[in-house]
Amino acid sequence: DSGVTQTPKHLITATGQRVTLRCSPRSGDLSVYWYQQSLDQGLQFLIQYYNGEERAKGNILERFSAQQFPDLHSELNLSSLELGDSALYFCASSAAGTGGWGYTFGSGTRLTVV
Amino acid sequence: DQQVKQNSPSLSVQEGRISILNCDYTNSMFDYFLWYKKYPAEGPTFLISISSIKDKNEDGRFTVFLNKSAKHLSLHIVPSQPGDSAVYFCAASAAGNTGKLIFGQGTTLQVKP
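Read top to bottom, the protein sequences are chains A and B.
For the first sequence, our numbering begins at 1 and goes up steadily by one.
For the second sequence, our numbering begins at 1 and goes up steadily by one.
Bound-form chain B, shown alone:
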């Protein structure tokens, strides 16, 4: 049962344009969502997060949007840079006494110069 899904395995965009990565979830108990970025031969690194009480969070070139009614979140990167080329994972957690995260399968972003 895949509770967090990233339906696009890959995305290619031109440098300077917007990158939009999408993520869907099924569990309405999720109350916190995160995006991680992963380069080859490295562990995932935290990028940006959003609480379920918000619908938008912005950090520099990165913005995450949450649509709770659609159980959908997206990560916007503007402008995209070649250094943004990596695998992006969305993850979700539910309120409770653990720090367990449920991850999507990841989307490989390629930003072309």
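This is chain A alone, in the form it adopts within the complex:
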């Protein structure tokens, strides 16, 4: 157990639908990161939050949004889902907001859009 909790582990939904992925960071960590891993691809950075505020944005689609709540858990909202959104979505957390030091990943949410 890495200490980063992601729910649900698996999600199957239809095109056009909206889903919410949840992440609880490791105790004491203030930063939360979201990454997408499509088939045979590396991890693509989506967005970073630090202590409730957006810190960095990657190639995140406009149909996707995220937020970090006062208790530091984070949610990634995916709407108007398309087949190409099927992927593994990873959340990671770190104590600091900068530096890129190794951070801790959760076990991921596998999203399948049918």
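No false leads were slipped in.
One-sided and incomplete, this derived list gives chain B residues near chain A with beta-carbon spacing under 8 angstroms:
1) A41
2) E42
3) G43
4) P44
5) F89
6) T98
7) G99
8) K100
9) L101
10) I102
11) F103
12) G104
13) Q105
14) G106
List time: in silico DSS-like cross-link candidates among lysine-lysine, alpha-carbon distance up to 27 angstroms:
15) B:K37 with B:K112
16) B:K5 with B:K56
17) B:K56 with B:K37
18) B:K68 with B:K5
19) B:K71 with B:K56
20) B:K5 with B:K71
21) B:K37 with B:K5
22) B:K37 with A:K57
23) B:K71 with A:K57
24) A:K57 with B:K5
25) A:K9 with B:K37
26) B:K68 with B:K54
Hints were generated in silico from the structure; no laboratory data involved.
Just so it is clear, the structure is predicted and the values come from calculations on it, not from any experiment.
For each residue, glycine too, the CB sits at the ideal point set by N, CA and C.
Guided by the hints, dock chain B onto chain A, whose structure is given.
Just chain B, lined up with the frame of chain A:
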């Protein structure tokens, strides 16, 4: 634009031999490099890192080498063990006010008994 590339999708080595995983990058602003290991159905786990001011970092059986002029890094595993079989990702970060990492596509290592 793939700023971090792992050109070998897979690598197979015999137990006890050396495994060498390679990674190339294009962005000269990267100042910190990391290797992650990923088993199926798990998230990536941090393995070893190196700062751009160094050319080598060692941790037990794992050594990372950085060649800044060639924009190339490599991970050496000696001796390789069957439990090392996993997907290995290299990642890079640039100095700044974020913790964003840029990952390569990964290399699947298989260590045969």
